[in-house]
Amino acid sequence: MTKYTDQARGYIASGDFNGHRIPQHIQNQIIKSYCDANSLKFVLSRAEYWINGSTDCQLWAALKEGFKHIVFYSIWQLPDSENVRNKIYDYCIKNEIILHFAVERMCSIENQLAFSEIEILIKSNLLIVNEIDYNNHLINLRKLM
Amino acid sequence: MNSERSWDFRENQELVASHEYIQEGYIIEKADFQYLKLIKQDIERAYFEFVNIVNKETYNLENAHLSISHEKINDLRLFIMQNIYQNTSFHRNYYYSAKNIIHSLCGNELAMQKRPGLSINLPQNQNDILPIHADTWNGVSPFELNIWMPLVNCTESMCLYILKRDDYKRRLKQSKELLRLTSDELYNELCDDLTWIPIEYGQILAFDQSLPHGYSLNKEQYTHWSINCRFKGLHTPYWDKKLGEYFMPITVKNCTRLGMDYHHPENWI
Ligand SMILES: [Fe+2]
Chain A
1 MTKYTDQARG YIASGDFNGH RIPQHIQNQI IKSYCDANSL KFVLSRAEYW INGSTDCQLW
61 AALKEGFKHI VFYSIWQLPD SENVRNKIYD YCIKNEIILH FAVERMCSIE NQLAFSEIEI
121 LIKSNLLIVN EIDYNNHLIN LRKLM
Chain B
1 MNSERSWDFR ENQELVASHE YIQEGYIIEK ADFQYLKLIK QDIERAYFEF VNIVNKETYN
61 LENAHLSISH EKINDLRLFI MQNIYQNTSF HRNYYYSAKN IIHSLCGNEL AMQKRPGLSI
121 NLPQNQNDIL PIHADTWNGV SPFELNIWMP LVNCTESMCL YILKRDDYKR RLKQSKELLR
181 LTSDELYNEL CDDLTWIPIE YGQILAFDQS LPHGYSLNKE QYTHWSINCR FKGLHTPYWD
241 KKLGEYFMPI TVKNCTRLGM DYHHPENWI
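Top line first, the protein sequences correspond to chains A and B.
If you're matching positions, the first sequence starts at 1 in the working numbering and goes up one per residue.
If you're matching positions, the second sequence starts at 1 in the working numbering and goes up one per residue.
Treat the hints with care, as some may be off.
What the hints assert, rightly or not - Label pairs and their calculated CB-CB ranges:
| # | chain 1 | residue 1 | chain 2 | residue 2 | range |
| --- | --- | --- | --- | --- | --- |
| 1 | A | Ile120 | B | His264 | 17 to 25 Å |
| 2 | B | Gln13 | A | His20 | 36 to 44 Å |
| 3 | A | Asn135 | B | His19 | 47 to 55 Å |
| 4 | A | Glu96 | B | Gln23 | 54 to 62 Å |
Claimed, not checked - Residues from chain A that face chain B, not an exhaustive set, calculated with beta carbons under 10 Å:
| # | residue |
| --- | --- |
| 5 | Ser74 |
| 6 | Phe115 |
| 7 | Glu117 |
Because the hints were derived from the structure by calculation, they are not lab data.
For every residue, glycine included, the Cβ atom is placed at its ideal position computed from N, Cα and C.
Whole structure, please, built from the sequences with the hints as guidance.
This is the structure in structure tokens:
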């Protein structure tokens with residue numbers, strides 16, 4: 001059950017995510033200004049552990065604390081595994097937790113549709129980043145034109 | 001390759017539009033008015049709210065300089081943007097009002113800019129000048145298409161100016177040091193070759209933002225209002241403006257959705 005309705009727990013990364021490394025105090029500033037703009041009370045962030053590629057230890061800790069809002073620095077901090085992400089979405093829907101992503105200015109509005117849009121975004125990005133070798137693709141394409 | 005064996009199946013209308021776009025660096029088309037109308041309404045509503053105008057009949061966007069000071073213009077711009085980007089209905093109307101030309105030049109599986117830009121240029125306001133630049137000089141991918149819509153009729157210095165493709169190429173050849181200049185120097189250097197693009201409300205401009213463009217001082221007696229928004233093929237290369245923070249996927253097709261979720265039946269082996 002959620003206890004703190006207008007309070008938002010920050011959730012930041014330690015180390016790399018999606019090819020970026022952002023100093024933690026900068027992540028916190030971005031989260032703080034997102035909270036200010038959206039009338040949320042920012043509660044100090046939890047930083048994800050930087051151990052064995054962990055992506056969801058402190059996230060679960062944050063989810064289970066009872067905050068209604070969790071503000072990620074970026075959507076790309078969500079775990080890489082689709083299964084793990086789905087577990088998170090299910091937990092949020094069941095417990096009426098809203099996930100926010102400060103850099104992308106997005107939030108999940110606690111429904112299935114919002115989560116499916118988040119998934120489309122993540123999968124489109126994975127496709128672009130991992131599956132398409134633009135240099136070779138464009139060189140080959142030009143040869144055929 | 002003769003046409004019977006060609007792999008280029010683009011329709012004639014699309015080829016004509018593409019040719020003009022390549023030649024000039026831009027093309028003007030008619031907007032789908034039922035959607036354009038909604039875009040303008042959203043902006044007017046936010047504008048009236050900001051300046052607290054009750055008698056809406058007597059005010060319109062082109063006369064905004066009568067109710068807003070030079071100092072307040074950026075607050076107004078931010079207020080309107082905050083207002084119209086609350087949800088995605090504005091974006092939806094934007095896409096639909098320019099869908100034909102976007103599909104012709106760009107494709108149908110698309111990424112769209114999450115926060116389209118709003119320009120309000122008051123007459124004689126130096127601060128509203130947009131220095132000459134090409135978006136690709138600052139990390140914008142050349143695969144993007146800029147759809148630019150005026151909300152008022154634009155003539156002379158109210159218009160966007162552009163350096164047409166041939167002129168750009170010629171000037172690049174003549175002097176390779178142009179990019180070392182300040183934007184004022186660059187503007188003065190290129191001024192005689194620039195084209196101010198006259199356009200009316202109801203039309204849309206699709207332009208190539210890899211060509212130098214900008215706004216000069218608005219010397220007319222009306223306020224300039226326009227919005228610009230980038231579209232690109234979802235699967236084309238991204239430079240500094242990334243999916244998620246800057247672009248959103250708006251027309252992901254069914255086969256792409258299925259492909260993204262595909263799993264081999266590995267358990268059956
Ligand atoms: Fe630009």
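Evaluation of the provided hints:
A hinted range of 17 to 25 Å holds for the C-beta pair Ile120 (chain A) and His264 (chain B), which are about 22 Å apart. The given range of 36 to 44 Å is respected by Gln13 (chain B) and His20 (chain A), whose C-beta atoms sit roughly 43 Å from each other. About 28 Å separates the C-beta atoms of Asn135 (chain A) and His19 (chain B), a value inconsistent with the hinted range of 47 to 55 Å. Distance hint for Glu96 (chain A) and Gln23 (chain B): a CB-CB separation of about 56 Å, consistent with the stated range 54 to 62 Å.
Because the smallest distance between the Cβ of Ser74 (chain A) and any Cβ of chain B comes to about 8 Å, under 10 Å, the interface hint for this residue holds. Because the beta carbon of Phe115 (chain A) sits about 14 Å from the nearest beta carbon in chain B, more than 10 Å, this interface hint is broken. Here the hint on Glu117 (chain A) is kept, as its CB sits about 9 Å from the closest CB of chain B, short of 10 Å.
Hint compliance for this structure: hints 3, 6 are not met, and every other hint is.
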